[in-house]
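Each chain, written out:
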Amino acid sequence: MSNVIEVKKLSVELDGYSILEDISFSIKKNEVVALVGPNGSGKTTLIKAMLGLLPYSGDVKVLGFEPAQRFALKDKIGYVPQKLEFDRRIPLTVRELYTLFQSRKHPERHYWEILNLVGGGYLIDKRLEVLSGGEFQRILIGLAILNNPEILFLDEPAAGVDVEGENVIFDVLKKLGIAREMTIIVVSHDVHFVSRFASRVLCLNRKLICDGAPEIALTPEKLKELYEHKYVQKKIKK
Amino acid sequence: MEILNYPFLIRAIIAGSITGLILSILGIFVVLRRMAFFGDAVGHFAFTGIALGFLLSIDPILSAVIFSIILAIGIGYIENKKKLASDTIIGVFFSGSAALGILIIGLLKGYRVDLFQYLFGDILSISQIDILISVILGIVVILLTILSWKKFMQITFNRDLAKIHAVPVAAFDYLLFILLAVATALSIKIIGIILVTALLVIPAAAAQNLSYNFKEMVIFSILFGVLSITIGIFLSYYSNTAAGSTIVLTAIAIFVLSLIFKRYA
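Protein chains in written order, with the working numbering: chain A, 318 to 555; chain B, 396 to 660.
Please keep in mind that the hints were generated in silico from the structure rather than gathered at the bench.
Calculated pairs, DSBU-like style, for lysine-lysine (alpha carbon to alpha carbon, straight line, at most 35 Å): (1) 326/A / 476/B; (2) 491/A / 539/A; (3) 558/B / 443/A; (4) 478/B / 524/A; (5) 443/A / 422/A; (6) 546/B / 422/A; (7) 378/A / 478/B; (8) 391/A / 476/B; (9) 546/B / 657/B; (10) 345/A / 524/A.
Next comes chain A alone, as it looks inside the complex (with noise of 0.2 Å):
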């Protein structure tokens, strides 16, 4: 199978900060990879290194492309971010939004079909000011898939959720990765969610520390290395 994204020698530093530091790694398709690390271990600057939204160095494909190459992944790729910096208050219903961000080349009532998969019909004419916090995380997802992406990054996608609703969320992800052959690439501090739903796993902590199989990746001893802290303290200022 082919690669849909490869990482070369990717290291990030931001404002004079090591965040990252020569990660390697490629991810087939169809493949569901979770990212697991410490608080502070560069997740969230690898899934935003990988969409081109900060400056890196080293080498990243994504399906074939580099990030910056914006309208060639446009309808390509989706993504949830961990929190979405949004004022609630703007007079937005699901309707609006999800028309805002639908590709031409959908019919002009396709987020129904999107709607319908995360479970949220019944929210198309709701504000966002008064979805619950899971009701909005399903719209993001649905949100990050509405032109039919090939690989989905999503960035802690249950934080916040009460346990229904983490349920419903992995439910969803599941029939993405199984029904629409979707890469799911998928940030969680959630061993238990990783080892059940994540065909492989890459563990972060400013370096990779393991990548494989949940099941054989994630030893105890492998575990106790990753939240040891001393990755995270050797973040001193160059």
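Since the structure of chain A is already known, use the hints to place chain B on it.
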């Protein structure tokens, strides 16, 4: 109606309606993106631009537009390059520009009554040419806004998601700054530099109070912007008060009503 016998008032209502339309449309993005301070700063850039126009003997409105655009782009550039907070950068430009404007006024010879017309607005000074300029620039601003509407909204929702959807965010930020600078300069003769921010912010804020969805916000904002100016001009004629301040107080009254309606609706 007696008021319609005065050509200067008809000119004021026509130019005012166009201005109200433009400011209330752009005001939606000013309010939703929390750029009210920026709108205020652009008004003060225009003040310095007008003073420069007097000093260099060029058309004050033209110099106001050019100077405002340069400073607005300057803010955008520094915001993209430096780690300073947006309101800090605006604060520096704002006060720097006001200081420069006052300095230039000090350099002008004699007492300049015409300069104060720009500060507080003067509907008596609106000429046929002003209306023509308002119509032409108004059409350009509205067309550019309509064409950029989707991109502006995508950026307003979330900048990272807009980037992933291939929106050149920085370019559209600059475009919005330029449109704001032009719209501000256009409204100077009617409401004056000091009060221009009011019409960028109040109609859209009142509309936000009453709207369930975005479509309603656009309709209400335009309605409130145009109504504030036309009612304000009528009221100022009958009560013999300054047009600029009457227009802004009318807008404030609409805003208060929107708050009351929101509270009890």
